[in-house]
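Enquirer: In case you want the letters, here they are:
There are 2 protein chains.
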Amino acid sequence: MISLAELQRRIASGELSADAAITQTQEAVAAQDKTIGAFVCHDATARAQEAGPLRGIAVGIKDIVDTAGFPTEMGAVIYRGHQPRADAPVVMALKRAGATIIGKTTTTAFAANDPTATLNPHNHAHTPGGSSSGSAAAVAAGMIPLALGTQTGGSVIRPASFCGVAAIKPSYRLLPTVGVKCFSWTLDTVGLFGAGVRDVAQGLAAMTKRPDLVLPSEVAAPRIGVVTQAFAGAPEPSGAEALQKAARAAERAGATVRELAISEIIAEAWRIHPVVQEFEAHQSLAWEYEQNYDAMPPLLRGRLDETKGGTPAEYDAAMEVALRARQALSAIFGQVDVLLTLSAPGAAPRGLASTGDPRYNRLWTLMGVPCVNVPTLIAEGGLPVGVTVIAGFGDDAKALAAASFVENALRK
Amino acid sequence: MISLAELQRRIASGELSADAAITQTQEAVAAQDKTIGAFVCHDATARAQEAGPLRGIAVGIKDIVDTAGFPTEMGAVIYRGHQPRADAPVVMALKRAGATIIGKTTTTAFAANDPTATLNPHNHAHTPGGSSSGSAAAVAAGMIPLALGTQTGGSVIRPASFCGVAAIKPSYRLLPTVGVKCFSWTLDTVGLFGAGVRDVAQGLAAMTKRPDLVLPSEVAAPRIGVVTQAFAGAPEPSGAEALQKAARAAERAGATVRELAISEIIAEAWRIHPVVQEFEAHQSLAWEYEQNYDAMPPLLRGRLDETKGGTPAEYDAAMEVALRARQALSAIFGQVDVLLTLSAPGAAPRGLASTGDPRYNRLWTLMGVPCVNVPTLIAEGGLPVGVTVIAGFGDDAKALAAASFVENALRK
Chain B
1 MISLAELQRR IASGELSADA AITQTQEAVA AQDKTIGAFV CHDATARAQE AGPLRGIAVG
61 IKDIVDTAGF PTEMGAVIYR GHQPRADAPV VMALKRAGAT IIGKTTTTAF AANDPTATLN
121 PHNHAHTPGG SSSGSAAAVA AGMIPLALGT QTGGSVIRPA SFCGVAAIKP SYRLLPTVGV
181 KCFSWTLDTV GLFGAGVRDV AQGLAAMTKR PDLVLPSEVA APRIGVVTQA FAGAPEPSGA
241 EALQKAARAA ERAGATVREL AISEIIAEAW RIHPVVQEFE AHQSLAWEYE QNYDAMPPLL
301 RGRLDETKGG TPAEYDAAME VALRARQALS AIFGQVDVLL TLSAPGAAPR GLASTGDPRY
361 NRLWTLMGVP CVNVPTLIAE GGLPVGVTVI AGFGDDAKAL AAASFVENAL RK
Chain A
1 MISLAELQRR IASGELSADA AITQTQEAVA AQDKTIGAFV CHDATARAQE AGPLRGIAVG
61 IKDIVDTAGF PTEMGAVIYR GHQPRADAPV VMALKRAGAT IIGKTTTTAF AANDPTATLN
121 PHNHAHTPGG SSSGSAAAVA AGMIPLALGT QTGGSVIRPA SFCGVAAIKP SYRLLPTVGV
181 KCFSWTLDTV GLFGAGVRDV AQGLAAMTKR PDLVLPSEVA APRIGVVTQA FAGAPEPSGA
241 EALQKAARAA ERAGATVREL AISEIIAEAW RIHPVVQEFE AHQSLAWEYE QNYDAMPPLL
301 RGRLDETKGG TPAEYDAAME VALRARQALS AIFGQVDVLL TLSAPGAAPR GLASTGDPRY
361 NRLWTLMGVP CVNVPTLIAE GGLPVGVTVI AGFGDDAKAL AAASFVENAL RK
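Here the protein sequences line up with chains B and A, keeping their order. Following this note's numbering, the numbering of the first sequence begins with 1 at its first residue and continues without gaps. Following this note's numbering, the numbering of the second sequence begins with 1 at its first residue and continues without gaps.
These aren't lab readings, by the way, just hints derived from the structure by calculation. Do not take every clue at face value.
Identical copies carry no separate label here, and so any pair may be met within one copy or between two of them.
Calculated lysine to aspartate or glutamate pairs in the EDC-like style (CA-CA distance at most 20 Å, straight line) [as the list claims (entries may be wrong)]: (1) 412 / 19; (2) 209 / 50; (3) 34 / 19; (4) 209 / 306; (5) 209 / 314; (6) 412 / 290; (7) 398 / 306; (8) 308 / 43; (9) 412 / 43; (10) 398 / 251; (11) 398 / 218; (12) 209 / 316; (13) 209 / 278; (14) 398 / 316; (15) 209 / 33; (16) 209 / 290; (17) 412 / 251; (18) 34 / 357; (19) 245 / 259; (20) 209 / 305.
With the rest of the complex left out, here is chain B (with noise of 0.2 Å):
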């Protein structure tokens, strides 16, 4: 993998140029794109910007985020050869950083379930994960230092953990959504993915200009709460594994290490997330279900026909628990400094037909609160198996370092 923080520096000291950085990843692109499938579309001739924290670094942009300069096609036919007239802020963020935008990356159909036809580069026969999956690939297979992603289940996290990469769900709105086509106005979150927590804590620096999330030298040991979501069900043993690894390696490293309990009213914001998602899915995607029935991405609309009864008065009630949880959330987050928890159910799926199970992911994007993927094991057949460290809402600098602590931890 191609390491942000890793070619700023040599960017930095002379010893590559931004021009020749991005060279290197346009031949990467060339290279193992035509296996990989991570890209919609692609900018053969981009080239570096000449100034700016993000100069020489490529990024691809999940093809539901608008962009001046690619169509964006949501992975659907309704929107084949859709030009957007203005870029995305968070493309724009990129821009004003110094990035070059490479080109669009594959994403599930209106980032929901119907799957792509990217492979996951760890095991060609296994997925990569979804919604952002060529996101997550592209990065994963080296051929980019950053991406974008998005989020309203578990659409960073868990392609992030099926490819080994860091990622990063940052707090509900630290980077905006406007200009990202909405499935959930409550839960769609942009996230980034990189080579390592590092890379990722650079990337949001510099789009949000806060630099006190770039990564101290030195990094506390945190106090841990190691959360299993039993309400969710029981993971697989490469996933228990790896949360098991992680907490161990943590607390071998210094950092206090405890299972938590989760209040019930944090387990009932995780029932009623769905709840939340379809109803607010139902008015986002109207148009489209409405007056394209026939055109829509098989599985989603499925999934739109089964929900189609939900009611306002289920949603109010279920924003109220959201609510109550986010203030449950908020006190444990007095007790430790960070949680641990599962990023996915295991290793990728075999086979392409689905991206795997949001169902770690769901609640925290739901509660709004930060969320890094540490990758921590390999599991059988060469896949990666990552967890997740998760911070309070607006803490995204607390989430990164204790992610970067974890991850040291599991080197030593």
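Chain A: place on chain B using the hints.
Expert: This is chain A only, laid out in the frame that chain B set:
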């Protein structure tokens, strides 16, 4: 003006066909709009739908809201001829309810400061207010029974007050802003204009499928807290007179009315509204401002030039103030049912150079609480002045009911 509720009654009883209702409004547009200039474009061939609670209801849509059937030009040359692929969810909600979209209404550029050429139907030498200028004017001139607008500072309630129409800015995100050109995602709110309070209540109930928003046949006398917003400066005599007149009328009709002191944290939220608004606008409009600087509308461009230096730390501090103020405001709604305050400093200013001052509206937009404008008096020059009735977050039904109580009290 055309009453939506009255049209519904006549159509339901068979007294009027839905087609004839649309034809009447088409004729009104044809007769009036060459003078008023409320429409950017208008479909003279639009016909009634056959079913739905809003069949026969012609609706005008502010031209920052995406429509598949009309261009969406944002009141800005940068978007001249821009044709969205999809209808925004609020447009689909109207269509689902049986309404007929007959055209797009004028908006100040990007719903900010640069005015339109629309005239105030009550006095052509005065502004109709903004940014939802065309929607307010089209309803006021009796062209259409319902129109959509948006508010980030005071862009629904202020033009409603200046044009003598009822309007609701609902609770934050009761109506999705998906497919609506973003200025500030924390503030932007979609609202409705109608002839009277019952009319906007019927429109909102049909769009959201929330029958509890329909006014009850008898409205109980509310406990009203009068808020003068001294922190926003003194109103003009006509604004002060409207507030006093509405308070006295409500009291005579049986309401409990008392003046309420507002805590310092809420006044502080009023002060920091522009910090939130401009920090987000710099991101939302990054593509327009950075890549189309010369084509930007001059007043908005100047405002963005002036506020370039906003920092994440200032924004975070402002968002924290907003959160604490929402909590403080929520406690006030334990003591009173609704607040009553100014909709504008006074009547519509003379000329079209400015759309007036949103200083009495912006706090409530940041608080996310439902606001209803009730036309209250006619000042010099035949210009209307309204007042605002405000309920707690999510209590849109209560805001509408209390506004209807005040509206009835003023008729006695």
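Enquirer: Pop the pair residue 209 and residue 33 into one bin, within, between, both or neither, using alpha-carbon distances up to 20 Å.
Expert: This pair counts as neither: shortest intra-copy Cα distance 32 Å, inter-copy 47 Å.
Enquirer: Tell me, please, which holds for residue 209 and residue 306 at an alpha-carbon limit of 20 Å: within, between, both or neither?
Expert: between (43 Å within a copy, 19 Å between copies)
Enquirer: Between copies, within a copy, both or neither: which fits residue 34 and residue 19 at Cα up to 20 Å?
Expert: Answer is neither; intra-copy 23 Å and inter-copy 57 Å both fail.
Enquirer: Taking 20 Å as the upper bound on the Cα-Cα distance, should residue 398 and residue 306 be classified as within, between, both, or neither?
Expert: Neither: 40 Å inside a copy, 33 Å across copies.
Enquirer: How would you classify residue 209 and residue 316 at a CA-CA limit of 20 Å: within, between, both, or neither?
Expert: between (36 Å within a copy, 13 Å between copies)
Enquirer: Pop the pair residue 209 and residue 50 into one bin, within, between, both or neither, using alpha-carbon distances up to 20 Å.
Expert: Answer is within: at 18 Å inside a copy they meet the 20 Å cutoff, but 53 Å across does not.
Enquirer: Using 20 Å as the alpha-carbon threshold, which applies to residue 412 and residue 251: within, between, both, or neither?
Expert: Within one copy only: 12 Å inside a chain, 74 Å across chains, cut-off 20 Å.
Enquirer: Quick one: residue 412 to residue 290, C-alpha cut-off 20 Å, is that within a copy, between copies, both, or neither?
Expert: neither (55 Å within a copy, 46 Å between copies)
Enquirer: If the cut is 20 Å between Cα atoms, do residue 412 and residue 43 qualify within a copy, between copies, both or neither?
Expert: Neither way: residue 412 and residue 43 sit 40 Å apart in one copy and 69 Å across, limit 20 Å.
Enquirer: I want to check one pair: residue 245 and residue 259. Are their C-alpha atoms no more than 20 Å apart within a copy, between two copies, both, or neither?
Expert: This pair counts as within: shortest intra-copy Cα distance 14 Å, inter-copy 62 Å.
Enquirer: Regarding residue 308 and residue 43, is the shortest C-alpha distance of 20 Å or less found within a copy, between copies, in both, or in neither?
Expert: neither (40 Å within a copy, 32 Å between copies)
Enquirer: Have a look at residue 209 and residue 314 and pick one of within, between, both or neither, based on CA distance no larger than 20 Å.
Expert: between (39 Å within a copy, 13 Å between copies)
Of the numbered hints listed earlier, those contradicted by the structure are 1, 3, 6, 7, 8, 9, 15 and 18.
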